[in-house]
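The whole structure should be built from the sequences, with the hints applied where relevant.
Below are the chains, spelled out letter by letter.
There are 2 protein chains.
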Amino acid sequence: MATSGSTPPDARTTPDNPDVAAVERYLTHLQDRICTALEAADGAARFRQDRWNREGGGGGRTRILTGGALFEKAGVGYSDVYGDELPESASAQRPELAGRSFRALGVSLVLHPENPYVPTTHANVRFFVAERQGAEAIWWFGGGFDLTPYYPRLEDAVHWHRTARAACEPFGAEVYPRFKGWCDEYFFLPHRGETRGVGGLFFDDLNEWPFERCFAFQQSVGDHFLPAYLPIAERRLGTPWGERERNFQLYRRGRYVEFNLLYDRGTKFGLASGGRSESILMSLPPLVRWDYGWEPVPGGPEAELYADYLRPRDWLAEAED
Amino acid sequence: MATSGSTPPDARTTPDNPDVAAVERYLTHLQDRICTALEAADGAARFRQDRWNREGGGGGRTRILTGGALFEKAGVGYSDVYGDELPESASAQRPELAGRSFRALGVSLVLHPENPYVPTTHANVRFFVAERQGAEAIWWFGGGFDLTPYYPRLEDAVHWHRTARAACEPFGAEVYPRFKGWCDEYFFLPHRGETRGVGGLFFDDLNEWPFERCFAFQQSVGDHFLPAYLPIAERRLGTPWGERERNFQLYRRGRYVEFNLLYDRGTKFGLASGGRSESILMSLPPLVRWDYGWEPVPGGPEAELYADYLRPRDWLAEAED
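Respectively, the protein sequence lines represent chains B and D.
The numbering of the first sequence is our numbering, which starts it at 59 and goes up by one.
The numbering of the second sequence is our numbering, which starts it at 59 and goes up by one.
Think of the hints as simulated: they come from the structure by calculation, not from any bench.
Certain hints may be false.
Note that identical chains are pooled: a pair holds if it fits in a single copy or bridges any two copies.
Unchecked claim - Straight-line Cα separation of at most 25 Å, SDA-like style, residue types lysine to any residue; simulated pairs:
{"id": "1", "residue 1": "326", "residue 2": "198"}
{"id": "2", "residue 1": "326", "residue 2": "243"}
{"id": "3", "residue 1": "326", "residue 2": "156"}
{"id": "4", "residue 1": "326", "residue 2": "242"}
{"id": "5", "residue 1": "326", "residue 2": "246"}
{"id": "6", "residue 1": "326", "residue 2": "374"}
{"id": "7", "residue 1": "326", "residue 2": "114"}
{"id": "8", "residue 1": "326", "residue 2": "288"}
{"id": "9", "residue 1": "326", "residue 2": "144"}
{"id": "10", "residue 1": "326", "residue 2": "196"}
This one's a predicted model, so the numbers in the text were calculated from it and none came from an experiment.
Take a look at the structure:
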């Protein structure tokens, strides 16, 4: 989608050049497919869409569903931004990018279910390319998905990670443990000494394989999100809940806010580089509480989350022993 | 208060050395006075106190009042931390501090009233000193107070700033405009293009006057907080409110969270340097909402906040014209 501003970098389909048009097709269809499936799973509410343009070039379409039967708030965004020159904040860390035109495309989603027994989740697939006349294109893929339960079930964590492993398997046996480990490391709140949830996959700067293979991996991650999440949501949606569970969910959502505003690179970079605030912050939960000094009742299900789920674990080895 | 760890830097009362013991006395009494006055104003709930120790030296006493008649959540913290050597994160920006023992004392408060017609407020007074045998002490004061209304009244902003000016007046006519301007600049959310509220005073690194004068200024700021805030709270507490006002308050509290986690130096530095998370994050509101793409109804009182109050204004010149 090229909505405004300067011309997007040329996307010739030669072995030396990334096929950006194919990435664009994949990502726009992924957003459509995911929104359709989430509406079907919700059964009550529909996404509404905001198209937006970026002053420097490009834009996006942000889709939000609120007040559903399953989702209190679901945000699925697609963005495609480009420009003749990278913002200084982006090239400061990577001087080789200075003076290049760039294009950054991605789908990013965060789902906040209403029922505290249904986990919150986040997924993202993105592609970046920087070009200069007479030089090879610099490009990479990034993305992943992670799961944040409130009342966790071991079988859900195992299903989640089995699906993550299945997404990685065609690309080598070392891929799942590597990106699973990166996810544990990335979604960590040092001031709480907690992971954000049970993890999943996280990768960035992926360009070590040929473009076609990297792109195939991105598609595999994107395609495995729904089969990873929907069975868990469907299994837990019927569990009755009350004020206790709701309060705990709202309290734990505070950690989600803390992570996204204190540590998440996408959020910080997006806001610092003049991204569309409402689209970047669509990840924030609809309702959140902070309770000073709150501690779970020992032996209760809330204590189990802290004791057994908010640290890196080898879910699959444990399940398959 | 010296609760644990290494010995606090010596506080001799000579013209060359800051009287740290006097600062400590002032700050501990200020916390007491403020808590007593806030309990009286609330009339229903009491503060509970957590004493805590810092591993590297020092500690604090965090006081929280929740579920009151006036305050949904009020946090008033005192901390006094010291050590033989500054954390690297602190001396990286100021190489002259490297290898010095340090002591940092402060009172910090955030009040979240339940009634959306009563503004949220924050105040802070702090002192820092770094010493080394045979060298002059390096010290400075910082602090200020700022007001964040939801349904603002011009007369409240004027009273707030008159009191702020009164706190500054004995120290020179240029002091109020300077620290008022710094406050507007500091409490600004660039990604929203909004100030956090109607401002007040903000100062940091204050050591340009002799110690006694700087300390007197800190006391004047600390002493003017209650007369600045309580008359406003008392005037607005009786205003009836309903779901509309409550929703707007919860929504606007999201901006408070965004500021504190994205930009506030004290929060970021505190968490990065291993401070006590619950004490640092006691500033966060008890209940918060985020609504994607929310806009105030044109012409309504919520629109007035955006149009007239979330930008730097010379409240006193306008009032006295």
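Outcome of the hint check:
no.	hint	verdict
1	326 x 198	within (20 Å within a copy, 31 Å between copies)
2	326 x 243	both (18 Å within a copy, 20 Å between copies)
3	326 x 156	within (20 Å within a copy, 30 Å between copies)
4	326 x 242	both (19 Å within a copy, 22 Å between copies)
5	326 x 246	both (16 Å within a copy, 16 Å between copies)
6	326 x 374	neither (33 Å within a copy, 36 Å between copies)
7	326 x 114	within (19 Å within a copy, 30 Å between copies)
8	326 x 288	neither (29 Å within a copy, 36 Å between copies)
9	326 x 144	within (16 Å within a copy, 27 Å between copies)
10	326 x 196	within (23 Å within a copy, 34 Å between copies)
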